[in-house]
Amino acid sequence: MTSYRYDYDVITQWIEPGEKVLDLGCGDGELLRHLMDVRQVQGYGVENDPDKLLASVNNGVNVIQMDLEKGLVGLEDGFFDHVIMSLSLQAMHNTLGILAEMLRVGREAVVSFPNFGYWRHRQSILNGRMPVSESLPHQWFNTPNVRFFTIADFDALCEMNGIAVRERLAFDEGKLVLDEANFLASVAVYRLGRNG
Amino acid sequence: MIAPQSVGVVVPQRAEFTTPLALRSGGTLNNYHLVYETYGTLNADRSNAVLVCHALSGSHHVAGTYADAPHNVGWWDNLIGPGKPLDTRKFFVIGVNNLGGCYGSSGPNQINPATGKLWGADFPFVTVEDWVESQARLADRLGIERFAAVVGGSLGGMQAMSWALQYPDRVGHVAVIAAAPKLTAQNIAFNEVARQAILSDPEFHGGHYYAHGVVPTRGLKLARMVGHITYLSDDSMAEKFGRSLRHGRNTYSYDVEFEIESYLRYQGDKFAGYFDANTYLLTTKALDYFDPAFEYGGHLPAALARASADFLVISFTTDWRFSPERSREIVYALLHNKRNVSYAEIDCPAGHDSFLLDETRYHKLLSAWFDRIEV
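Those sequence lines, one after another, are chains A and B.
Per numbering that gives the first Met the number 0: the first sequence = residues 0 to 195.
Per numbering that gives the first Met the number 0: the second sequence = residues 0 to 374.
The following block holds chain A by itself, in its conformation from the complex (with noise of 0.2 angstroms):
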């Protein structure tokens, strides 16, 4: 198994025992094995790599083959409890169309990514260059990342879009940050929902 997140802390206190949970991006399915260790959910992870589609199959973990950015055409309305996407939002180019199919095929949408607005890579982008940190381990020519965000842009995309932020939870590096989290947090974790 690779390394634990500090964000999938956070997403287990939102899952609820028994749930029906997407991971979608789900890696080699640690997260998936862990929620269905201590949640005992119904987990089905969604993923595009074949290596990493074997790694989940190795790790005793359902997954889907599929390609996100065509959307979660095939999977019903309403039929999870909680969809999750940890640390991949950043990754993917159709942003609105994925938060949208997240919050129809689930009552919840869970989402982290690396806030670009972290002082750390602010600093960086003052020295001129390109911040590289934990949240964001890539050099700028071999980044999966395709959308560079902050959390003051996450905010606004999910206003303009009525996706309702139901709780959000942002860490330096592991640390729970109270205040100015567009300065001091490197990842935030948001729990959306349909607002109304």
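Since the hints were derived computationally from the structure, they do not count as laboratory data.
Check the hints yourself; a few may be wrong.
In silico BS3-like links for lysine-lysine, alpha-carbon gap of 27 angstroms or less [what the hints assert, rightly or not]:
#	chain 1	residue 1	chain 2	residue 2
1	B	K363	B	K89
2	A	K69	B	K89
3	B	K181	B	K284
4	B	K269	B	K284
5	B	K116	B	K284
6	A	K69	B	K239
7	A	K51	B	K363
8	A	K19	B	K269
9	A	K51	A	K19
10	B	K239	B	K284
11	B	K337	B	K181
12	A	K19	A	K69
13	B	K337	A	K51
14	B	K89	A	K51
15	B	K363	B	K337
16	A	K69	A	K51
Add chain B to chain A, keeping to what the hints say.
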């Protein structure tokens, strides 16, 4: 980990059944026999049995070779054996020739016990469900209450799926590979062309060609040729043959000119030399009839509600005869029922035939899946 090995020399076995088998078609087989092969050893708990179901032209000879025919290698030999994905050090693997087949089980080319003559066209129509029923009786005979897994590709995948529906308590895992929950109209259409080729061969004699000492080889050859086109992808055919000309130029004749013609004729002739035309007819009909959702108003999720096995569904990107879309229907229907299911779409250029190849990702996935099965 050991280097993959062959299961070695195998010997087919035969089981006789005298309890009548009622068939979906309304017919009954009062007594019948099945030929089968096994690889590996049934464990003391009888919990490590895996049934491998064959497709249209397959047989019970799934792995290994015969002492008197060392080049007759089983049709899925690359999957089964010590150190292979379906590892016979762990599993007890069974291959059965389906009823109506032409490799030794009761079928058109076998003796009808009631008449003492070959069945020929009088052999009753058999369905996927009938095959599963007969396989379950063989399992009873072998003392296997529950299969660790039932696996199959194409028509074999349909049998694996049907196992999960007919005997949900008797199968723990099901692998449905390059299959579909039912054939499309286009797919049935290809089968119909194949059947018409056989039925219209003057040497078919209403299916009683054995009595006339002839074989409708021309019809069977045509049937195989049209089938073969659909098992390959446009790309693989283009890459393998392109527009290559045997003589390097047009000869303005109906002899072989393009290499693809040569290939299809060769495949057709070869097949017509060993396969039985009546079996081809029966088996394509079994393919056409398979539609577990039919009695549920076409609602596949309702049909699959009975299944309790853990599923692995695999499709191949270039398979247009059993396309990935058809496999996804199975996946979504299982998901609807909150069943455990994993699904992979293997990028392989070889079309429907991909499921028989030892493509690395495909076999790694099967290895991982079989490794997780507790016996």
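Legend entry - Holds or violated: K19/A to K69/A, with C-alpha atoms at most 27 angstroms apart: The given pair, whose Cα atoms are some 22 angstroms apart, holds under the 27 angstroms limit.
Legend entry - 27 angstroms Cα cutoff - pair K363/B, K89/B: Within the cut-off at roughly 17 angstroms; holds.
Legend entry - Pairwise hint evaluation, K284/B against K181/B, where the allowed Cα distance is 27 angstroms at most: Holds - the C-alpha atoms of K284/B and K181/B are around 12 angstroms apart, at most 27 angstroms.
Inset, instruction - Assess, step by step, whether the Cα of K51/A is no farther than 27 angstroms from the Cα of K19/A, and give holds or violated. - result: holds, 21 angstroms
Inset, instruction - Take the C-alpha atoms of K69/A and K51/A, compute the straight-line distance between them, and say whether it is at most 27 angstroms. - result: Holds, at about 19 angstroms.
Inset, instruction - Sort out whether K239/B lies within 27 angstroms of K69/A, counting only the CA atoms. - result: It is violated: about 32 angstroms lies between the C-alpha atoms, which goes past 27 angstroms.
Legend entry - Proposed proximity, K51/A with K89/B (alpha carbon, max 27 angstroms): holds, 26 angstroms
Legend entry - Distance restraint between K337/B and K51/A, which requires alpha-carbon spacing of 27 angstroms or less: Answer holds: K337/B to K51/A is near 22 angstroms, not above 27 angstroms.
Inset, instruction - For the pair we were handed, K116/B and K284/B, check the Cα-Cα distance against 27 angstroms. - result: holds, 24 angstroms
Legend entry - Satisfaction of hint between K269/B and K19/A, Cα-Cα up to 27 angstroms: violated, 52 angstroms
Inset, instruction - Would you check the hint for K69/A and K89/B, treating anything up to 27 angstroms between C-alpha atoms as holding? - result: violated, 40 angstroms
Inset, instruction - Verify the proposed pairing of K337/B with K181/B, using a straight-line Cα cut of 27 angstroms. - result: It holds: about 21 angstroms lies between the C-alpha atoms, which stays within 27 angstroms.
When the structure is compared with the earlier hints, violations turn up for hints 2, 6, 8, 10 and for no others.
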